[in-house]
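Colleague: Next come the chains, spelled out residue by residue.
There are 4 protein chains.
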Amino acid sequence: MSTGKKKIYVNGINEVPLPLRQIEIVERKGVGHPDSVADALAEEVSKALCRMYIKEIGHIMHHNTDETQIAAGQAAPRFGGGSIIDPSYILLVGRATTRVDTGKDVVNLPCTPVALKAARDYLSRTFPNLDADSEVILDARLGMGSDDLTGVYKASGYLANDTSFGVGYAPYSITERLVLQTEEFINGKMKKTIPSSGQDVKVMASRIGDDITLTVACAMVDKHLDDKSAYISAMSEIHDAVYDNALKIAGDEKVSIKLDVNTGDDYDRNVFYLTCTGMSQEMGDDGSVGRGNRCNGLITPYRPMSMEATSGKNPITHIGKIYNIMSKLIAEDIAEKVTNEAEIRVRILSQIGKPVSQPLNCSIDIVSAGAEADPNFSKWKAEAAAVADGWLDNVDKVTELIATGKVRTF
Amino acid sequence: MSTGKKKIYVNGINEVPLPLRQIEIVERKGVGHPDSVADALAEEVSKALCRMYIKEIGHIMHHNTDETQIAAGQAAPRFGGGSIIDPSYILLVGRATTRVDTGKDVVNLPCTPVALKAARDYLSRTFPNLDADSEVILDARLGMGSDDLTGVYKASGYLANDTSFGVGYAPYSITERLVLQTEEFINGKMKKTIPSSGQDVKVMASRIGDDITLTVACAMVDKHLDDKSAYISAMSEIHDAVYDNALKIAGDEKVSIKLDVNTGDDYDRNVFYLTCTGMSQEMGDDGSVGRGNRCNGLITPYRPMSMEATSGKNPITHIGKIYNIMSKLIAEDIAEKVTNEAEIRVRILSQIGKPVSQPLNCSIDIVSAGAEADPNFSKWKAEAAAVADGWLDNVDKVTELIATGKVRTF
Amino acid sequence: MSTGKKKIYVNGINEVPLPLRQIEIVERKGVGHPDSVADALAEEVSKALCRMYIKEIGHIMHHNTDETQIAAGQAAPRFGGGSIIDPSYILLVGRATTRVDTGKDVVNLPCTPVALKAARDYLSRTFPNLDADSEVILDARLGMGSDDLTGVYKASGYLANDTSFGVGYAPYSITERLVLQTEEFINGKMKKTIPSSGQDVKVMASRIGDDITLTVACAMVDKHLDDKSAYISAMSEIHDAVYDNALKIAGDEKVSIKLDVNTGDDYDRNVFYLTCTGMSQEMGDDGSVGRGNRCNGLITPYRPMSMEATSGKNPITHIGKIYNIMSKLIAEDIAEKVTNEAEIRVRILSQIGKPVSQPLNCSIDIVSAGAEADPNFSKWKAEAAAVADGWLDNVDKVTELIATGKVRTF
Amino acid sequence: MSTGKKKIYVNGINEVPLPLRQIEIVERKGVGHPDSVADALAEEVSKALCRMYIKEIGHIMHHNTDETQIAAGQAAPRFGGGSIIDPSYILLVGRATTRVDTGKDVVNLPCTPVALKAARDYLSRTFPNLDADSEVILDARLGMGSDDLTGVYKASGYLANDTSFGVGYAPYSITERLVLQTEEFINGKMKKTIPSSGQDVKVMASRIGDDITLTVACAMVDKHLDDKSAYISAMSEIHDAVYDNALKIAGDEKVSIKLDVNTGDDYDRNVFYLTCTGMSQEMGDDGSVGRGNRCNGLITPYRPMSMEATSGKNPITHIGKIYNIMSKLIAEDIAEKVTNEAEIRVRILSQIGKPVSQPLNCSIDIVSAGAEADPNFSKWKAEAAAVADGWLDNVDKVTELIATGKVRTF
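Taken in order, these protein sequences are the chains called A, B, C and D.
Here our numbering is used: the first residue of the first sequence is 1, the next is one more, and so on.
Here our numbering is used: the first residue of the second sequence is 411, the next is one more, and so on.
Here our numbering is used: the first residue of the third sequence is 821, the next is one more, and so on.
Here our numbering is used: the first residue of the fourth sequence is 1231, the next is one more, and so on.
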């Protein structure tokens, strides 16, 4: 089905939705995982540039800061408090518009300082056990560009930078909610009672039928743990807190949950997941943008995913960012307004050089065993198309949600 | 279905295989694309380390070099030959075993020199228009580790480094073959007749029904093109050569092919895709490992994909590498030996700490409208399980195929 | 003349002391000059390591951090306040003991974090117009070493690291005092009344006979100057303040002083010495350790000088640091206690592998037209030797003066 | 005495020339010493830029590449051949004109590629035991500048970049010749017979009266030495070869020579000066431009020296380079043509903004006990002034000697 000039296709797919299938695997790399740190820094830099451009020029200028490389350091954690021997190294990579001819004036813009400040501020406020001034080395290689605003401004709005696509789905399955909210719990509310838990948390769930095995790896912070027995106690506390919280998340869902925490530990051989900073990048774990969570916060190998890194891309022309996030928003709205029994999958395909608001097509799948036979199906189709149509008319709203940090990118 | 101790499940899925569906999108980033350069360098470094370890120690030691960051340079291409103003910067990142206690002796190993040599050699032999000595800056931050071989050697073989999974499918659709083989043609045979075509080639195909639109973006090399008209002629030659080749690839398939080359050009405004080196990393395009092609050489948003970077990981313990490649090999064997009418999807899930040869399970989907009703289905199931069983008994063979460069990783 | 085991030679040299000669050239690079910034960072890092070693191990461990490279950035200063476009890049280089086996325990030490913290703190507190978090990139490549304290500790004290020498002289000439104290005035007291003056100040004096031409180059800070006329006023204020202060320094000395400030300016062509940070490293001026002032704060081409960088070297074994500073201290004491009419030159030569307190020889020149004919000469010789002897017996005192920052190194 | 517009002063100084005094210390850091490597790379880069500018633009453009930082690597040498564990890191720093508006055309110039190529070529051809492709990391941070040749070209020639000075002296003393020629011998002729000797050679001489102690530290190359006894034999061969050569250098001079080689060795404790590459930068020794030899190839603490780094500066406007080299050339010509009995010291002082060929003054000292009383003195003065006058009229010749590598800079 296509509405007006926009090509919006809605199809029913007679398949079993993922949550009803036999196997499901879901993973989330927490905020302290090196890949998430890279994603966050890339996105923080982009948001800070957006704010700076709006303040100095009046609107967002072209930039892409969607590459950040973290090379791990060396640390010597020990109970009671160890030492960072060699800081991890963080290289911000990308490009930004540093010079703008506004017609009246040539304005030079402090892009790299803005980027470094945003990155350091993020590290400081997010990782209480890391000294962002001395325990990481923060470097930047941002290519510089210039822009000329003296000509006629593009009346038609921003143009797609690429022939590319975005993909999203909704609603979250119970397994997905467990993974997402468990990490949020550990790095949120739980920190108040168990400060020895670090930010590098990895949560993985595998569901076979109704049995969900939740595996949590949580870097522990040495200075908050006096000795081995303190570590073992903390493990027990974490297990209990996370398990209780998981039961709350599951609510009435018909699943049984098994929880493992730090399975790599071996107390007999004195192997613990102990760190100085709560971040495994201090010792051995590198990180990079786009290697971790998708923009719904998860890695879901049984679901459609885009390879595009969402974090760090500019929110005005970059299809890989805007359409991925918009696909997710559309899918969520459809799931909520139309049906949350089915699995809603949305794909939006761009045309290079055409306005971002005019994709080549937007394809919506309503996945449900017997979807097309459902008596409500034709109503669903119309409603789904209307939801998509509404969002496509409001690309600016997606840009704004991104630039103000109101949607996640990892 | 499970065979013996290994849990191998084979399921029939009553879905329409991708090649028969309405929409398909496939992309390949050619060898000169910055993400592919990053993938290749990561993998070349790993292979060179494998060779060095085998020579010096007798077997492959632990390493992971699966992060490489390329920060774009600055170039001033011009017809007849321009200049690289600022080299692109390539940072190899990872870790390797540099010190081995063999019991008799402590051996120090030149890991970073081996890595740098492998990387520079690859650049030199792959990119004839790039001076790898002066037009890139090659840096490395490889963490060092040590290992002790004096204890009892792990008789049971290598252990999985993570709870993770691999995923693969077969056979390629016609759209996929067109994309893959078009890039191989442009960067292979076509180079002899059209040397002005660079290595940074991006091929995208979107199929709607039987209509395939093939879009090629090919960086052109300035020194081989005297002027605008030479460029325009080269475009025409490339179009004809690629189109002819595409028809050969398609053979008897019922598809119609439309081809666009360098659609970003605008001759009136003198906009050309012109470079000094045939690589867009010379000016503005950054690159990173694991952001481009999956280990089957493609990006296929409508197919199951793993987020794991395959390139650069060690081929002895790293699930994200071994199981992805093995899944693809199993799927290909099943497609060939059992049925290539269906879409074969394979997923292998590891257990951290267990031998790589003992996955938690291997799940095979035979996707075909009416799969389970097919009279051959139970035979297919048995045969598919036997194929998987054979590969799982021979993880070493996968390791060897990787270490000797006989399977692609991007 | 040799006293006891120490070989201390005192000679009279029948030459005209420098201050009485026809020509003299003296230069000082102020604290904001890139070479001085490099010197200061090297020394701050060394002092911070000393404090850390004393706290963690009980005494100073081996280190040398006497190399720091500053690569200039890019800035766009403008009246009222411009922008840093590309931060300057600062690379700390050297080595330090990161791992100590104390017999009871192996202690890992956070050398690079300590170095980065010391460097950033220095930048923050010294350069009020620089945002040390975002307007410089601070990197470090400190080689790591280990030490074993389990054996018998070197009872004889620290051993000289090299066959090398130190050189010093006293007293300062009037030209030298003018240069040194002018920079101290501009970067000290004058800042309160003229905050638009930056820290990158270069003072040069050339004396021909009694005529001293004092040339001051002072980077001005854009945000404190609204426009060209504010700049011109500031120049006038600086000229008056510096000139008045110079007259005070000169006191009763028979010299005439001519003062030039920012001679490179060209108001007609709108050429000003304008910066965002008060530091020329923001745009175009690189810096390096050991390229600027000697350890008496000056560059004095007509005086004996050592090529050795003093800043950043460890103060326990490094001859190039200890003997240079001790030579200056000895010369100053001799000038004060014995005669300040003559030019006192001191050279101390080490023997590699011998204790620092046992130099090969210490050679003292008493330079004065008719020195040896002076009736006081033999008394001078004895007194000078006694002064040297006293210092050589107290190398530890020099170490302490250095480690606690009580003597300058640049 | 002043000739015409040029202020050339010639003075007789009634002092004892250095070679006749009691004590003399002379040092040379050989071509493989990290400071010399830094000097050489800086100068090679400048010369390569000069050649490129002449080829592309017709004359040398502004540049300064007089900063290079070498951060030492890690190596594990062993008899028979060890390994480089971590390459040394070399950062080229400076600035160059990358963009020239010739009036007809804007030309972009490949400065950083030219710099990297020159540096790598130098390393390859100078250090046979170093693999310049993999055992060093070569990085560059060259600031870019642009120039506009469309205006009236500076008819008066190049202008001094600074108020600065150059200093030189002649002739070499016997101690100085011994040091200079010993290093040249070890790194020249001797390499054919003793290939195990590396390029990192440090030669120091201290003369007390007529007794010269020559101390040589020579990095040995592990792969050319099978074991300890081979090392000991090589030491003996080097001692004999260097001593014989020293006697030849000394010729009829009334000096006695004592020679020590690798005094840091301790055979009982198996301490050898053993390296993989013949360069101590492989392990622990950092290097930097301007920290080693002056432009006469020596460090001579009892002679006048300039702190200015000569290497890497451009040879058209940089006083610190041109006047240092010209001072030495003038002194040498005076010593040869006028008198080589006296010590000739030359100082040339620039005026910022005035042509390089018009220094503020050139001051020549003829140092000799009883100089002014010498009957030839007034003839000497006239001849010395004429020599200086001739060179000052031919600054271009100095530029050419530098740009074509016909004078040394370190």
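Treat the hints with caution; some may be incorrect.
Said to hold, decoys possible - Which bits of chain C does chain A cover? Going by a derived footprint, with three or more residues having C-beta under 8 angstroms, they are:
1. 899-907
2. 925-933
3. 956-968
Hints listed in this document are in silico derivations from the structure and should not be mistaken for laboratory results.
All residues carry an ideal CB built from backbone N, CA and C; glycine is no exception.
Colleague: Now tell me if each hint is right for this structure.
Modeller: Results of checking the hints against the structure:
Counting residues of the region 899-907 of chain C whose beta carbon lies closer than 8 angstroms to any beta carbon of chain A gives 6, which meets the minimum of three for the stated coverage. Three residues within the 8 angstroms Cβ limit are the bar, and the region 925-933 of chain C against chain A gives 6, so the coverage statement holds. Here the region 956-968 of chain C counts 5 residues with a CB under 8 angstroms from a CB of chain A, which clears the bar of 3, and the coverage holds.
In terms of the numbered hints stated before, the structure departs from none.
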